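Grab the two chains, each in its own frame, and use the hints to assemble them into the complex.
As they're listed, the protein sequences go chains E and X. The numbers in this note's numbering rise by one with no breaks, and the one at position 75 of the first sequence is 75. The numbers in this note's numbering rise by one with no breaks, and the one at position 387 of the second sequence is 387.
Hints listed in this document are in silico derivations from the structure and should not be mistaken for laboratory results. All values derive from a computational prediction rather than experimental measurement. Beta carbons are placed, not taken as given, at the ideal position from N, Cα and C, and that holds for glycine. Just to be clear, a hint being listed does not mean it is correct.
Short derived list, chain E residues pointing at chain X, Cβ under 8 Å [what the hints assert, rightly or not]: (1) A9; (2) D90; (3) P106.
Covered by chain E, according to a simulated footprint, are these stretches of chain X (three or more residues, beta-carbon under 8 Å) [stated by the list, open to error]: (4) 113-123; (5) 173-184; (6) 254-260.
Below, each chain spelled out in residue letters.
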Amino acid sequence: MFFLGLFAALLISWVAIVLGSNAQLGSQAPYYDDNQGTAFPQWMPGAAARGQLVYRDLGCAACHTQRVRRPDFGYDRARGWGERQSVARDYLYQPWPQLGLARVGPDLANLADRKPTAPDGDDLLHMLYAGSEDMPAYRFLFEERRLGSSAQRSDDALKLTGALEPGRGREVVPTARARDLVAYLLSLKAQYDYPEAVPYVAPRAEGAAPAKTPAAPAAGAAAPAKPAAPPTAGGAAPSPAPAGAAAPTPSAAPAQAAAPAGSAAPPVAAPSPTPAGTAAPTPSAAPAQTAAPAGSAAPPVAAPSPTPAGAAAPISGSAPAQAAAPAPAHTGGSQ
Amino acid sequence: MKPEVTAADSSSRAPLVLLLLSGLAWLVIGGLLGFVASIQLHSPAFLSGCPCLTYGRMSALAETAFVYGWLANAGLALALWVLGRLAGEPLRAQNWALFGGVFWNLGVAAALAGVATGDATGFELLGLPRYVHMVLLFSYAAIAVGGLLAWWGRLRLVSYASQWYAAAALFLFPWALSIAHVMLFSAPVRGVVQSIAAGWYAQCAWTLWLAPLALSVAYYVVPKATGRVLPSYEFASLGFWCLVFVGGLTGGRHLLGGPVPAWIPSVAVVSCALLLFHVFIVLLNLRGCLTGPGVALRFISFGLAAYGAGALVDAATSFHAVAAHTQFTYFDEAQRELALYGAASAIIFGGIYFAVPRITGRAWLSGGLVRAHLFLTVAGVLLLVASLAGAALAQSRGLADPAVPFAEIFRHTRPWLAAATAARAALLLGNIALAMNFAGTACRFLNASEPASFNPPTAMEAPAP
Numbered sequence: 001m002f003f004l005g006l007f008a009a010l011l012i013s014w015v016a017i018v019l020g021s022n023a024q025l026g027s028q029a030p031y032y033d034d035n036q037g038t039a040f041p042q043w044m045p046g047a048a049a050r051g052q053l054v055y056r057d058l059g060c061a062a063c064h065t066q067r068v069r070r071p072d073f074g075y076d077r078a079r080g081w082g083e084r085q086s087v088a089r090d091y092l093y094q095p096w097p098q099l100g101l102a103r104v105g106p107d108l109a110n111l112a113d114r115k116p117t118a119p120d121g122d123d124l125l126h127m128l129y130a131g132s133e134d135m136p137a138y139r140f141l142f143e144e145r146r147l148g149s150s151a152q153r154s155d156d157a158l159k160l161t162g163a164l165e166p167g168r169g170r171e172v173v174p175t176a177r178a179r180d181l182v183a184y185l186l187s188l189k190a191q192y193d194y195p196e197a198v199p200y201v202a203p204r205a206e207g208a209a210p211a212k213t214p215a216a217p218a219a220g221a222a223a224p225a226k227p228a229a230p231p232t233a234g235g236a237a238p239s240p241a242p243a244g245a246a247a248p249t250p251s252a253a254p255a256q257a258a259a260p261a262g263s264a265a266p267p268v269a270a271p272s273p274t275p276a277g278t279a280a281p282t283p284s285a286a287p288a289q290t291a292a293p294a295g296s297a298a299p300p301v302a303a304p305s306p307t308p309a310g311a312a313a314p315i316s317g318s319a320p321a322q323a324a325a326p327a328p329a330h331t332g333g334s335q
Numbered sequence: 001m002k003p004e005v006t007a008a009d010s011s012s013r014a015p016l017v018l019l020l021l022s023g024l025a026w027l028v029i030g031g032l033l034g035f036v037a038s039i040q041l042h043s044p045a046f047l048s049g050c051p052c053l054t055y056g057r058m059s060a061l062a063e064t065a066f067v068y069g070w071l072a073n074a075g076l077a078l079a080l081w082v083l084g085r086l087a088g089e090p091l092r093a094q095n096w097a098l099f100g101g102v103f104w105n106l107g108v109a110a111a112l113a114g115v116a117t118g119d120a121t122g123f124e125l126l127g128l129p130r131y132v133h134m135v136l137l138f139s140y141a142a143i144a145v146g147g148l149l150a151w152w153g154r155l156r157l158v159s160y161a162s163q164w165y166a167a168a169a170l171f172l173f174p175w176a177l178s179i180a181h182v183m184l185f186s187a188p189v190r191g192v193v194q195s196i197a198a199g200w201y202a203q204c205a206w207t208l209w210l211a212p213l214a215l216s217v218a219y220y221v222v223p224k225a226t227g228r229v230l231p232s233y234e235f236a237s238l239g240f241w242c243l244v245f246v247g248g249l250t251g252g253r254h255l256l257g258g259p260v261p262a263w264i265p266s267v268a269v270v271s272c273a274l275l276l277f278h279v280f281i282v283l284l285n286l287r288g289c290l291t292g293p294g295v296a297l298r299f300i301s302f303g304l305a306a307y308g309a310g311a312l313v314d315a316a317t318s319f320h321a322v323a324a325h326t327q328f329t330y331f332d333e334a335q336r337e338l339a340l341y342g343a344a345s346a347i348i349f350g351g352i353y354f355a356v357p358r359i360t361g362r363a364w365l366s367g368g369l370v371r372a373h374l375f376l377t378v379a380g381v382l383l384l385v386a387s388l389a390g391a392a393l394a395q396s397r398g399l400a401d402p403a404v405p406f407a408e409i410f411r412h413t414r415p416w417l418a419a420a421t422a423a424r425a426a427l428l429l430g431n432i433a434l435a436m437n438f439a440g441t442a443c444r445f446l447n448a449s450e451p452a453s454f455n456p457p458t459a460m461e462a463p464a465p
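Bound-form chain X, shown alone (with noise of 0.2 Å):
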């Protein structure tokens, strides 16, 4: 059998494990963040004492940590792979990589101790303080820069679904987050217009960032691990576009009923559904990965079907008979954690799970520690958006009787939240199950003594029990 692992894959190894094994702290310190704010959402007495740990800047500092920490360096590192990999050479501007990673992640430390100390922005997805954004924006350069060269210098002239949502993502952060940045901090505009500029960025880093990265690992690992074409190809370039062209313009769903000219909402709900089309390509695409063999085509399909039902989701809910139910409720947090935790963090596991083993050259420590993950992921997301949803529900129902107080409110939708903090506890365990399975492979990597034994790679993807 010929390996399908190639020199760009060993060669490339020092800045995607850097990569990697950072965004998996992230991950840890984000879901205990996380977990923590999700114990004062119903025990709000917790942790209130210190200013640093009050819920809104814990909820802040979670959602920066799993999303600028977690979803960005795994998301980069992938991308950055099948970009290399496709490319057909060895990845290029590899110091530059590892450079970009250092700071990136210093980058995102400091902009953690920047929100714990009161420097925080309030605006959704862009927790981040002001002086740390320059670092950011430098650092991502920095790292993109070997994609781009790759996709350039690739050599063959065709280029795959997967290298375009990869390089659409490389290229578009940097100009979402500098425009986000001149209109909301160097030069900021007045009134509501900011929460229009912040909530149009919140979606692009959405739509346009973390989307489109969890979507080349689907493209380039579906079709790689069931051995078979895509079907029905030729539409996966108007999935794209239609993403590309659509997703910037929903962002303004959330602003339904508010002090903003009612265009605004009124594009998002047409632009949500138009999105659907895109949505739909990509799952007619990808059908294929419900049938293959492998724990990271499990992790996919689960990755895909929640990002279908995210879509789903976010098109009936941007309409005014929906919104004026769950506008305002914990089903935000659900359509969130939806995306982010089960769409775009499950596809990047299972992109994690299908690449490790090529990059380092070992099979996974422990397959005990995969299946777990795979049985925690799916059990806590389904779990915490279940759990969520209920309690968006009681809050929905209190909320419309102007005779119900907000302490009765808060004593119905406290059980569900407890569910919720339970969730989280499931995921936080998954996510160090995860962590400890990829230092521990890496430490095999590093270990010299152990012979380099080569698995055969269907081996590595099903991992030895």
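Just chain E, with the same shape it has in the complex (with noise of 0.2 Å):
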């Protein structure tokens, strides 16, 4: 009996934690972008997926987290190292995700997108065999060697000056781990806006919001669901299922927007990139599918009303099978 209960315990702990997220993040599914006519996240390049290696066995992580978080969280914003959170879709295809615990240097998960300059090729180069006062130098990820009698340099060597520059003759290149891990970092960025990422708005601006803001998020919201409004209705007016069936493609979405993401996500939804209306590639979720259409449906009916849209949405969201009908005519209505 009382190893049964041991054991009861370690696997209540591992059902609960380690199947639960599976199970909830496991089949997560790229997003489709009908706009694009592309599924995100893309995969990584070959070289970027090598230099994943390197990096992993170097230990970076270690000293570099690779996980922006929401901008009402921390200084992650400020700091410029993205405009959203990362979302677990960001990783959906990296073999070996780094999210790392400490920050010790500065988050990299948008390294390559960073605003106003990210990083090129040749600045990490640079970066990686000069190193700085709070970084090592990583020299044995290049070769310094003699040029050749022809005195040529190579391409790729690197631009060295100062007391960094090799001696005459000679030059520094990198080796083929130190151009994968530079393919690695480039490929470090949010590819794209998945409706789940959409950054959180502050409860508290709820009560304020419905006061002021209808018309900025009515307006903004007027422009980008103009191309979508029209699938959406096409497939909507004939029958309240492929109403539904528009819902998926936020697919994972519902489940995650349980979350306090969630419950806001709709007053922002239509600002985002929109959300495709017909196109329903992944299947995914089958059960929360009635739940779904809450998320994407709301925003445009909402959006139109005059009543304060941060308290209507999650209602008017609540039952929108029902709905479905006249969801679509108010939103042909609105344009």
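Below you can see the structure in the form of structure tokens.
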């Protein structure tokens, strides 16, 4: 009995934490964007996947994280590490996600997409070779070699100056591992603003929002909503079923959106990349489908309405199945 | 006076001395690696020219040597000793334990070689390359089988808290490691679920393996050394089951604000708070250690204080508002050192000081070395945790202000990190003192020319000056 109890305890925590999250995220699908005609995230290039192994075996994650936190939690956005938080879908195709636990150095989740200036390959190679006050140099990723008799420098030789400059007739070239590592670092960027990654709006703004903001979100919503609206209306008009089918696009979102981000998402969802209407490439999250329209259908309905949007959205979203017919009518009217 | 040393002690010398000796060797090696890594934190250029000595690998090496070399070996030795003694008969399956001990240490050595040459996995507390997992699993099972046989074959029907903790640690670790192996290596889960699974394993390794190993020692030594029944002992089982059921759920606190479902850190917050109940009961039971005699109890009192403080800090930093400042800073490392060094290691040190005279039948070689070790451990851990917390404070202030570049944060944390290096040097010196003392005691024991002089147990614990 004693050992059964021990085993049950271990099993409970494993099932709850690991299998629970695997059930929630394990079947997550890439997000298909109708307008761009492609799915996100995209596969890592081969060199980047090899570079991730270099990153892992050198233990870069001991000092660098790769996860941007929500704009309202911490300093991540203020430091220019990303406009939105990292979400599980960002790591979908990474063989070994390197989330990291320490920020001795900066976060790298969005390194290749930093604003205003993102480092390019030469910058990164130079940084790896030279190191800095607070980062070691990784000289062993480079090869210093003598120039041939022709004295022609290699194309990929580092352009070094000052103390770092190799002697006359010598040059420093990156090894294959260094090039892979840089290819990996350059592949680190938030490729797409997934619906679940829309910046979270602090709930305390809700009370104030209805007073003055309805005009702004509505105006913002009108523009992006237009291209998406016709297919939605067309699909939804014949029967409520296709309206339900429109939902899966922000597919795995509902499950995750149960988290705080979800409740505030509807008002913001409109300015984000439009939830593409009939495109439903991912038949995921079947039981959640009825709940899903809540998130996607609510904004068009709620935006034109003069009622306080923040409070209305979750309520109107709770019965989207029956409201499927009126919903497209409203959106049609808003155009 | 009836000698307290029984046949259970003298007959099980060989495997226990092997495990303790190798554990202490890894302790010194791990301390050296940790010392180098801590120098690299404030002087990044130090030894950075060689790929096997970069900080990332160095810190993984230090952690692996410390956890799988030192804590595992010494903790297993003491768990076997406790279970064997409480079973009331000599330890069985000793050859298995010897055999397993040899292969466990070969496996750890292979793991270190693998990490140094580029097979690190990058997971916290699971830096072991995948090819050593099977060796470690089977050798662990070989070592543990003696302990489990002692549990099943015990002469008395009743069991004690120290037996529960020891048996739980022996039984649960292989399951956790094999689950982690399947989910992270042989059939890896996708994306961030890997990080969740790795966090779950790291937490299980602490709450279901290392902490129970240490607590089993504390629950055994404290009543023995004080000579008193544990107060409020009837609640001990509640504390035990609280740890076992809740402990595994607390791993998600490091993922707060991360790209994982929000319920994972939320569950961890609740579980961290629940775990305080377990800590409360442990401290309630073992509070007698503060007043008892002997150097073993000094170590254990310090370890239990660190255990309680660590649990409080874990619970506090799992909250959103606190984590906003402490997350990703040196505070994580301070907490880890408080748990692994301040709590687990100190309690195991106390257990070693209590057990070795009984196992070998000899008093400690040098009382001066024992006192030096006690002083260096207490001072080293306090200084290490305080300086890392100071570094974390400076780092957290700098990070919060986007105008402060990383080079400036580095300059602010540098003095603190230098103090942490000094603390690691003190700890390393203390560990060398313990290793020398143990080796000397073992040599005296092996030296047949010296007549076997028996000292009564009380004299053994408080070594002759």
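Hints, verified against the model:
| no. | hint | result |
| --- | --- | --- |
| 1 | A9 | holds, 4 Å |
| 2 | D90 | holds, 6 Å |
| 3 | P106 | holds, 6 Å |
| 4 | 113-123 | holds (count 5) |
| 5 | 173-184 | holds (count 4) |
| 6 | 254-260 | holds (count 6) |
Of the numbered hints given earlier, the model fails none.
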